[in-house]
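Number of protein chains: 2
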Amino acid sequence: MSKPKLHVLKIGGRLIEQEDHLAEVLAHFLQKDGHKLLIHGGGKRASELEKKLDIPTNMVEGRRITDAASLEIVVMVYAGLINKGLVSRLQSMHCNAVGLSGADGNVILAHKRPVKTIDYGFVGDIDQVNTHFIEALLKANTLPVFCAITHDGKGQLLNTNADTIAATLASAMAEDFEVHAYFCLEKNGVLSDPEDDEAVIEQLDTLTYERLKADGTISAGMIPKLDNGFGAMEKGVQEVVICGPDSFLSDGGTKLKH
Amino acid sequence: MSKPKLHVLKIGGRLIEQEDHLAEVLAHFLQKDGHKLLIHGGGKRASELEKKLDIPTNMVEGRRITDAASLEIVVMVYAGLINKGLVSRLQSMHCNAVGLSGADGNVILAHKRPVKTIDYGFVGDIDQVNTHFIEALLKANTLPVFCAITHDGKGQLLNTNADTIAATLASAMAEDFEVHAYFCLEKNGVLSDPEDDEAVIEQLDTLTYERLKADGTISAGMIPKLDNGFGAMEKGVQEVVICGPDSFLSDGGTKLKH
Numbered sequence: 031m032s033k034p035k036l037h038v039l040k041i042g043g044r045l046i047e048q049e050d051h052l053a054e055v056l057a058h059f060l061q062k063d064g065h066k067l068l069i070h071g072g073g074k075r076a077s078e079l080e081k082k083l084d085i086p087t088n089m090v091e092g093r094r095i096t097d098a099a100s101l102e103i104v105v106m107v108y109a110g111l112i113n114k115g116l117v118s119r120l121q122s123m124h125c126n127a128v129g130l131s132g133a134d135g136n137v138i139l140a141h142k143r144p145v146k147t148i149d150y151g152f153v154g155d156i157d158q159v160n161t162h163f164i165e166a167l168l169k170a171n172t173l174p175v176f177c178a179i180t181h182d183g184k185g186q187l188l189n190t191n192a193d194t195i196a197a198t199l200a201s202a203m204a205e206d207f208e209v210h211a212y213f214c215l216e217k218n219g220v221l222s223d224p225e226d227d228e229a230v231i232e233q234l235d236t237l238t239y240e241r242l243k244a245d246g247t248i249s250a251g252m253i254p255k256l257d258n259g260f261g262a263m264e265k266g267v268q269e270v271v272i273c274g275p276d277s278f279l280s281d282g283g284t285k286l287k288h
Numbered sequence: 031m032s033k034p035k036l037h038v039l040k041i042g043g044r045l046i047e048q049e050d051h052l053a054e055v056l057a058h059f060l061q062k063d064g065h066k067l068l069i070h071g072g073g074k075r076a077s078e079l080e081k082k083l084d085i086p087t088n089m090v091e092g093r094r095i096t097d098a099a100s101l102e103i104v105v106m107v108y109a110g111l112i113n114k115g116l117v118s119r120l121q122s123m124h125c126n127a128v129g130l131s132g133a134d135g136n137v138i139l140a141h142k143r144p145v146k147t148i149d150y151g152f153v154g155d156i157d158q159v160n161t162h163f164i165e166a167l168l169k170a171n172t173l174p175v176f177c178a179i180t181h182d183g184k185g186q187l188l189n190t191n192a193d194t195i196a197a198t199l200a201s202a203m204a205e206d207f208e209v210h211a212y213f214c215l216e217k218n219g220v221l222s223d224p225e226d227d228e229a230v231i232e233q234l235d236t237l238t239y240e241r242l243k244a245d246g247t248i249s250a251g252m253i254p255k256l257d258n259g260f261g262a263m264e265k266g267v268q269e270v271v272i273c274g275p276d277s278f279l280s281d282g283g284t285k286l287k288h
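Listed in order, the protein sequences are those of chains A and E.
The C-terminal position of the first sequence is numbered 288 in my numbering, with every residue numbered one higher than the one before it.
The C-terminal position of the second sequence is numbered 288 in my numbering, with every residue numbered one higher than the one before it.
A couple of the hints might just be wrong.
Since the list gives no way to pick out one identical chain from another, each pair is judged satisfied if it fits inside one copy or across any two copies.
Think about it this way: if two alpha-carbon atoms lie no more than 30 Å apart in a straight line, the pair counts; the simulated BS3-like pairs of lysine-lysine are [stated by the list, open to error]:
| id | residue 1 | residue 2 |
| --- | --- | --- |
| 1 | Lys33 | Lys169 |
| 2 | Lys243 | Lys81 |
| 3 | Lys265 | Lys142 |
| 4 | Lys35 | Lys184 |
| 5 | Lys35 | Lys169 |
These are computed hints drawn from the structure, not numbers from a lab.
Just so it is clear, the structure is predicted and the values come from calculations on it, not from any experiment.
Construct the entire structure; sequences and hints are all you get.
This is the structure in structure tokens:
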């Protein structure tokens, strides 16, 4: 028996702030045939709120350092403002969305990243996904909407990268579903020329990926996203697409290949 | 066939800020036999955050006026910070909690309160409760945790009084469940002498309620809570108890009687 389809879309923080684009992307997503999961990033709102509250935003290698005050901010902005904003918007589009953090339904169990050279603070590395609860929500015809907050099962919320959550959820669901994962970033896909936004690579295999990493065509920021994507394919995800809002709408972007 | 038991507990904002008390109250709640729902208020955190951000807190007759900036704050604090804090705490107590606003699963549909003499802003009066989704969560052995945020189905989140949400959810669930509702406030119950915190009325019927309202024994702040409670009993809720953290722990407080 063929597995039911599941479409997993990750949207970034900047898209969430672009009302018109966001509405189009969500409408296109809802038209897809099969079950759906949405994962969203945070964007500038958390940093803006920290600034207004005089909480310093610490970044190391493009990753946020999450101290106790920052954790409160990201929980408020990601799990509160952005998550419930998306849920109420989806409801207005006749989609029965349910907003979740990884603590809700014990869906994503993580542990605080051990301190080696850098102490990332309250940042969670994922240990386990409770697919049963997600499946129950899908069977109840709801669309789970995940923010990038996890928990450790001991009462501690943790901040986890949204791309990682999307890749991990897609991989975990691949056992029972035919999963199609779309990472909607800013550019329209992986570029063969970093200076040319139109130079989207249609299909990217692992050999070409290694070559483009080695010659510096693929930038540092894209590497963890592609590693997540290729990792998801190895774990049985049927299709992984790196796209932007425009290429998502035209079913374009960069498709990853083994 | 007898209906399954459902215990509905509403906790106020002040209790949420008292770590030790909160832990005891939640532990006692979890010991109750049957399904459970938790509804929480907001407390001072929203007002504190508004103050830090120089957003004026407007109150009329003890009710918050919710303009657009205030709505963002309450969504962040209620649906984000407090809700996810409670969920992760319950998870650490081996309770599979799921945090929800009224938008999630379209559980509580409301409309913006019409402007008569006062414009309350983005305040929602409840129209409808989607008991099916709540029942699905209870059957999946999860404990739904509601914050005091609803939505209008058209993409607008709304701020709704937490006591009203608790009474409305208790009433809606009474068709299929034997509902026991506990409103955990600050005092240990309804007092026969407002100056004496020990003078808890054990059972309060509607006639006595009318008399104590008329002679001023029952204060203005308690009246909407008791109206909610008596309203829930009229709609089939088996038991309504007005209590405080201490009397909740000793299964005391004021029991309402027809």
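Here's how the hints hold up against the structure:
Taking identical chains as interchangeable, the C-alpha atoms of Lys33 and Lys169 lie at most 30 Å apart whether they share a chain (14 Å) or sit on different chains (25 Å). In this assembly of identical chains, the alpha carbons of Lys243 and Lys81 never lie at most 30 Å apart, being 35 Å within a copy and 49 Å across copies at closest. For the identical chains of this complex, Lys265 and Lys142 are intra-copy neighbours only, at 24 Å inside a copy versus 47 Å across copies, given an alpha-carbon limit of 30 Å. In the homo-oligomer, the alpha carbons of Lys35 and Lys184 lie at most 30 Å apart only across protomers (28 Å), although the nearest pairing inside one protomer, at 34 Å, exceeds that limit.
Taking CA atoms no more than 30 Å apart as the test, Lys35 paired with Lys169 passes in both settings, with 12 Å inside one copy and 25 Å between copies.
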